[in-house]
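Those protein sequences? They're chains X and Z, same order as listed. Take the first sequence: its position 78, counted from the start at 1, is 78 in my numbering, and no numbers get skipped. Take the second sequence: its position 154, counted from the start at 1, is 338 in my numbering, and no numbers get skipped.
Don't read these hints as lab results, they were simulated from the structure. Be aware that one or more of the hints could be misleading.
What the hints assert, rightly or not - So the derived list for chain X, only partly shown, Cβ under 8 Å to chain Z, looks like this:
1) V34
2) S37
3) I55
4) S57
5) N58
6) Y61
7) K67
8) R79
9) D102
10) E103
11) H131
12) E137
This one's a predicted model, so the numbers in the text were calculated from it and none came from an experiment. Positions of the beta carbon are idealized from the N, C-alpha and C atoms, including for glycine.
There are 2 protein chains.
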Amino acid sequence: MFSFLGGNAGTWRVTSMTTIVGEPLPAVSHISIVAESFTGSDDLARHAIWILRGITSNERYVTRAEKEQLVAVQQDLGRKESTSAAVIPIRKSLSWWALTQDERRDILAGQSRHVRIGLQYLPAIARRLHHCRDLSEKEPFDFVTLFDYASDDEKAFNQLLQELRTSPEWEYVDREVDIRLALS
Amino acid sequence: MFSFLGGNAGTWRVTSMTTIVGEPLPAVSHISIVAESFTGSDDLARHAIWILRGITSNERYVTRAEKEQLVAVQQDLGRKESTSAAVIPIRKSLSWWALTQDERRDILAGQSRHVRIGLQYLPAIARRLHHCRDLSEKEPFDFVTLFDYASDDEKAFNQLLQELRTSPEWEYVDREVDIRLALS
Numbered sequence: 001m002f003s004f005l006g007g008n009a010g011t012w013r014v015t016s017m018t019t020i021v022g023e024p025l026p027a028v029s030h031i032s033i034v035a036e037s038f039t040g041s042d043d044l045a046r047h048a049i050w051i052l053r054g055i056t057s058n059e060r061y062v063t064r065a066e067k068e069q070l071v072a073v074q075q076d077l078g079r080k081e082s083t084s085a086a087v088i089p090i091r092k093s094l095s096w097w098a099l100t101q102d103e104r105r106d107i108l109a110g111q112s113r114h115v116r117i118g119l120q121y122l123p124a125i126a127r128r129l130h131h132c133r134d135l136s137e138k139e140p141f142d143f144v145t146l147f148d149y150a151s152d153d154e155k156a157f158n159q160l161l162q163e164l165r166t167s168p169e170w171e172y173v174d175r176e177v178d179i180r181l182a183l184s
Numbered sequence: 185m186f187s188f189l190g191g192n193a194g195t196w197r198v199t200s201m202t203t204i205v206g207e208p209l210p211a212v213s214h215i216s217i218v219a220e221s222f223t224g225s226d227d228l229a230r231h232a233i234w235i236l237r238g239i240t241s242n243e244r245y246v247t248r249a250e251k252e253q254l255v256a257v258q259q260d261l262g263r264k265e266s267t268s269a270a271v272i273p274i275r276k277s278l279s280w281w282a283l284t285q286d287e288r289r290d291i292l293a294g295q296s297r298h299v300r301i302g303l304q305y306l307p308a309i310a311r312r313l314h315h316c317r318d319l320s321e322k323e324p325f326d327f328v329t330l331f332d333y334a335s336d337d338e339k340a341f342n343q344l345l346q347e348l349r350t351s352p353e354w355e356y357v358d359r360e361v362d363i364r365l366a367l368s
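Based on the sequences and whatever the hints tell you, model everything.
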C-alpha cells in the first residue's frame, strides 16, 4: 500500500499539475510518496492537502507472453538518473466497469494495444501501478500510476501518454490529472 | 462494502463452522452482515469476536456470454424462503496470484468450469461475492462469498461445493472456512 501526500513540503517538487479530464485536484507544491496507508490522524497526514492511496496488486490483463516481454526489459523505480517523475491518477467510467473481462481485455489489448505501446518506451520509463477502486466505496480515483525517468526522457514520456490518451481505452477515462515532479 | 461480524449475538445463528483448509476462525454463535465498513471503535464492532470485510466489485473472469447466462437465471439474496445461508471466506495461495490473467482464466474456466458448475445450481442458490485482498495488506482472506437458499436446497448446495472443491482451481485455495447459518 502506498500513499501519495500532496502538500507544501515533501520529497518531490511539483513542476506542473494539469487536469486532463474531470474535476481537478487542489494545487500543491510538493508530494511525498510513502509505503504506508495514512489516516487523517497521522502526523504526516495532518499537513497534507490531499492524500491518494493505492495498493499494488496482481496483474489484471497481461498474458504470460506479454508479461515475459515486459519483465525482460522493464526497470525498477528509483534509478539514480531518474530525477523526473509523474503521478497520474485516473478514474474510469461506470460503463468501463460494467464491461466483462473479455470486453475490457479486447479494448485494452485488441483496440488500444496498451501493453505494446508501453513496451516501446521501456526501459527508459519505469512505472508502478496502484489500484484504488476496491479500497473503499469513496475513492476519488481508480488507479494511481507512478512513473520515473531521466529528465532527457520527458519528451518520450509525453509521446507515450499521447499514444495512450488517443487510444479507444481512454474514451472510458472520466477523470485524469497529470502531475509532474522533480527531486526537491 | 459489507462487514461480517462474528460474535455472541446477531441476525444469523451459526449452525456449523468447518475449517476446510488452513487456520480456523474463532468459534462464534451468531453472525451479522451489514452494508458498512466497521472499525474497532464502532459500538457494534466492539462486541464482535472477529470481523471480515469485503467489497463487491467488477467481474474478473466471466465473459459477456457467461454473464448473460448467469443474469438470466440468478436470483437476489434475501428471498423469503431463503432461511438458510452460508458464509465462506477463502484465501488463494501466492502461486495463484503470481499467475497471469490468461492462466487464471484457463484454470477457472477451462479446467475447473467454475461458471458452468455454478449455473447448474441456479436459481436455487443465490450468491454475492466480496473481494477482500485489495482492501489492505493484512486481510485474512481474499474473498468472502455469501450464499442463501431454502433449507430444502442444502443438499444441492453441498453438492455444488463438492464439485468446486475437487476442481483444479481449488488446489490454489490455502485457507477456507465453511460457516452455515439459519435465521435466528
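Going down the list of hints, with the structure as the test:
1. V34: At about 14 Å, which exceeds the 8 Å cut-off, the nearest Cβ of chain Z leaves the hint on X/V34 violated.
2. S37: OK, holds: X/S37 within 8 Å of chain Z, min 7 Å.
3. I55: This interface hint holds because 5 Å falls under the 8 Å limit.
4. S57: holds (5 Å)
5. N58: It holds, given that the least Cβ distance between X/N58 and chain Z is near 4 Å, below 8 Å.
6. Y61: holds (6 Å)
7. K67: holds (5 Å)
8. R79: Hint violated; X/R79 Cβ to chain Z Cβ min 25 Å, cut 8 Å.
9. D102: With a closest approach of 4 Å, the X/D102 hint holds.
10. E103: holds (6 Å)
11. H131: holds (6 Å)
12. E137: This interface hint holds because 5 Å falls under the 8 Å limit.
Violated hints, listed in ascending order, are 1 and 8; each of the other numbered hints is respected by the structure.
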